[in-house]
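Trainee: So the chains spell out like this:
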Amino acid sequence: MMQLRTKYLEPKLISQCIMGDPHAYSRLIAHYQQNLLTFLTRMCNDKNQAEDLFQETLIKVWRNFPKYDHRHKFSAWLFGIARNVAIDALRKKKVHSVINYTDEVPEYSDPHDVAGEVEAEELHNDLLDAINKLPEKQREIFLLRQHSHMSFREIAAATNQPLNTVLGHMHYAMTKLKKVLRDYDINEQ
Amino acid sequence: MISTNNEKLCERFDDEIWLYLDGELAKTEMASWENHLKKCASCQKRLLEIKSVELAYKNVPAVKFDAKQLQKQISRAENTVASTRRYQPPVPPIFKVLGGILLPIAAAVMFYLRLHPVETEQNYNWEPINFQQTITEIDSSLNALSSDLLWAETGESAWDEMRMDLEYRIEDISEALKE
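Sequence lines, in order, name chains S and B.
In terms of numbering that gives the first Met the number 0, the first sequence has 145 at position 146, counting the first letter as 1, and numbering is strictly consecutive.
In terms of numbering that gives the first Met the number 0, the second sequence has 37 at position 38, counting the first letter as 1, and numbering is strictly consecutive.
No lab work stands behind these hints: they were computed from the structure.
Bear in mind that the values here come from a model prediction, so they are computed numbers and not experimental data.
Beta carbons: idealized from backbone N, C-alpha and C, even for Gly.
Be aware that one or more of the hints could be misleading.
As the list claims (entries may be wrong) - 20 Å max Cα-Cα, derived PhoX-like pairs, lysine-lysine:
{"id": "1", "chain 1": "S", "residue 1": "Lys72", "chain 2": "S", "residue 2": "Lys91"}
{"id": "2", "chain 1": "S", "residue 1": "Lys59", "chain 2": "B", "residue 2": "Lys71"}
{"id": "3", "chain 1": "B", "residue 1": "Lys71", "chain 2": "S", "residue 2": "Lys177"}
{"id": "4", "chain 1": "S", "residue 1": "Lys178", "chain 2": "B", "residue 2": "Lys50"}
{"id": "5", "chain 1": "B", "residue 1": "Lys44", "chain 2": "S", "residue 2": "Lys175"}
{"id": "6", "chain 1": "S", "residue 1": "Lys46", "chain 2": "B", "residue 2": "Lys63"}
{"id": "7", "chain 1": "B", "residue 1": "Lys44", "chain 2": "B", "residue 2": "Lys7"}
{"id": "8", "chain 1": "S", "residue 1": "Lys132", "chain 2": "S", "residue 2": "Lys91"}
{"id": "9", "chain 1": "S", "residue 1": "Lys177", "chain 2": "B", "residue 2": "Lys44"}
{"id": "10", "chain 1": "B", "residue 1": "Lys57", "chain 2": "B", "residue 2": "Lys38"}
{"id": "11", "chain 1": "B", "residue 1": "Lys44", "chain 2": "S", "residue 2": "Lys46"}
{"id": "12", "chain 1": "B", "residue 1": "Lys57", "chain 2": "S", "residue 2": "Lys132"}
{"id": "13", "chain 1": "S", "residue 1": "Lys46", "chain 2": "B", "residue 2": "Lys37"}
{"id": "14", "chain 1": "B", "residue 1": "Lys71", "chain 2": "S", "residue 2": "Lys46"}
{"id": "15", "chain 1": "S", "residue 1": "Lys175", "chain 2": "B", "residue 2": "Lys71"}
{"id": "16", "chain 1": "S", "residue 1": "Lys178", "chain 2": "B", "residue 2": "Lys71"}
As the list claims (entries may be wrong) - Counterexamples of contact, computed for chain B against chain S with all Cβ distances above 12 Å:
{"id": "17", "residue": "Arg75"}
{"id": "18", "residue": "Phe110"}
{"id": "19", "residue": "Ile134"}
{"id": "20", "residue": "Glu160"}
{"id": "21", "residue": "Ile172"}
As the list claims (entries may be wrong) - Sample of chain B residues lacking proximity to chain S, with all beta carbon distances greater than 12 Å (derived):
{"id": "22", "residue": "His35"}
{"id": "23", "residue": "Glu48"}
{"id": "24", "residue": "Leu101"}
{"id": "25", "residue": "Tyr167"}
Only chain S is shown next, with the shape it has when bound in the complex:
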């Protein structure tokens, strides 16, 4: 379904957006909004700010549509712009508040597995906490990778960094996050 959308519907919507059709734009963005908002929230650690940044990203993407190069993946381009918006906001803010994920209520398929629920919730919180504590560059590369599904070469292009630098950031980020999972013995299970 996703592939069909990317292959057929998305290029059509993009062409209409380039010609200036706002309705096609809202259809195109609706598909990415949840992922984009989650990415922005985790980048800036602030849900309300993420909503503002989402709005700013939408306007920036629209204004830059005439410059969009069809040879590149739209998601890579979109998340590249969102990343720039988030980085600018972080520079302005320059404050790293501790993230509060209490509003994120996990949904579980088995309501009887209370112990499992609690442990999963703890794992999620610890993982998000560890992501939040990552240096900005490492967090940015990790989140871009997870949300935009870009390859590392695409991430390097989107962030204007050499491939080896990007891989280095990912390597260090992953080393720290692996430790969280080791505490839960995930790999041994």
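For this one, chain S is given, so just place chain B on it according to the hints.
Mentor: Structure of chain B alone, referenced to chain S:
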């Protein structure tokens, strides 16, 4: 010795693991790492750990946003963007095809006609009408007719009247043309 070689290989895999996961290595390298992974438990573990982190992150519930609020944001963005660029509806493909065929044909026909003009009435050089001269000609014709025996019976004044009438009518036409 074998163990050292293997360690070096594992270190290299640590560097290339991301490109391996992206499938962005050469085919021979990919095959070589797949071969190595079958035998090396340590590299299998590295790969598994990465996949576990990615899976654990994937399972973290997405940040929840109010659906109505989101829709409002999208609508707000739609309104904002609508005011920044004017929508130009796409040209139907049939018009593009017709335009592509008909325009060169029309250009070729015009070029040909310019080289070989067709002589139609439009090509004649019309001289501007000299009404005064026309009146004089009509006057002299009427004078010639008045001298004719057959027409002479109508009398001089009748001819003058007819001539005057004709002059007025020509003047009317002339004025109308000027307007």
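Trainee: Now tell me if each hint is right for this structure.
Mentor: Hint-by-hint comparison with the structure:
For the hint pairing Lys72(S) with Lys91(S), the CA-to-CA distance comes to about 29 Å; that exceeds 20 Å, so the pair is violated. Distance hint between Lys59(S) and Lys71(B) is fulfilled; the C-alpha atoms sit about 18 Å from each other, no more than 20 Å. Between Lys71(B) and Lys177(S) the CA atoms are separated by roughly 39 Å; this puts the pair beyond 20 Å, and the hint is violated. Distance restraint check for Lys178(S) and Lys50(B): the Cα-Cα separation of roughly 14 Å lies within the 20 Å cut-off, and the hinted pair is therefore satisfied.
Annotation: proposed proximity of Lys44(B) to Lys175(S) holds, straight-line Cα distance about 16 Å (limit 20 Å). The hinted pair formed by Lys46(S) and Lys63(B) meets the criterion: a straight-line CA distance of about 9 Å does not exceed 20 Å. A distance of roughly 16 Å separates the Cα atoms of Lys44(B) and Lys7(B); the hinted pair therefore holds under the 20 Å criterion. Pair hint Lys132(S) plus Lys91(S) holds up; C-alpha atoms about 19 Å apart against a cutoff of 20 Å.
Between Lys177(S) and Lys44(B) the alpha-carbon distance is near 11 Å, which keeps this suggested pair within the 20 Å criterion. Note on Lys57(B) and Lys38(B): the hinted pairing is violated, with a Cα-Cα distance of about 29 Å set against a maximum of 20 Å. Our distance criterion of 20 Å between C-alpha atoms is broken by Lys44(B) and Lys46(S), whose separation comes to about 35 Å. For the proposed pair Lys57(B) and Lys132(S), the alpha carbon gap of about 18 Å is at most 20 Å, so the pair holds.
For the hint linking Lys46(S) to Lys37(B), the alpha-carbon distance of about 44 Å lies beyond 20 Å, and the restraint is violated. Between Lys71(B) and Lys46(S) the alpha-carbon distance is near 16 Å, which keeps this suggested pair within the 20 Å criterion. A hinted pair counts as satisfied when its Cα atoms are at most 20 Å apart, and Lys175(S) with Lys71(B) does not qualify at roughly 38 Å. At roughly 41 Å between alpha-carbon atoms, Lys178(S) and Lys71(B) are farther apart than 20 Å, so this suggested pair is violated.
Against the 12 Å criterion, Arg75(B) falls within the reach of chain S, whose nearest CB is about 7 Å from its own CB. At the 12 Å boundary, the C-beta of Phe110(B) stays outside the reach of chain S, the nearest C-beta of that chain being 34 Å off. No Cβ of chain S approaches the Cβ of Ile134(B) within 12 Å, the least distance being about 65 Å, so the stated non-interface status holds. Distance check for Glu160(B) against chain S: the nearest CB is about 74 Å away, which clears 12 Å, and the non-interface claim stands.
With 12 Å as the threshold on Cβ separation, the claim that Ile172(B) sits away from chain S holds: the shortest Cβ distance comes to roughly 56 Å. A cut-off of 12 Å between C-beta atoms confirms that His35(B) is not in contact with chain S; the least separation is 19 Å. At roughly 5 Å, the least C-beta separation between Glu48(B) and chain S is not larger than 12 Å, which violates its mark as non-interface. At roughly 24 Å from the closest C-beta of chain S, the C-beta of Leu101(B) stays outside 12 Å, upholding its exclusion from the interface.
Separation of Tyr167(B) from chain S is adequate, the least Cβ-Cβ distance of about 64 Å exceeding the 12 Å criterion.
Consistency with the previously given hints fails for numbers 1, 3, 10, 11, 13, 15, 16, 17 and 23, ordered from lowest to highest.
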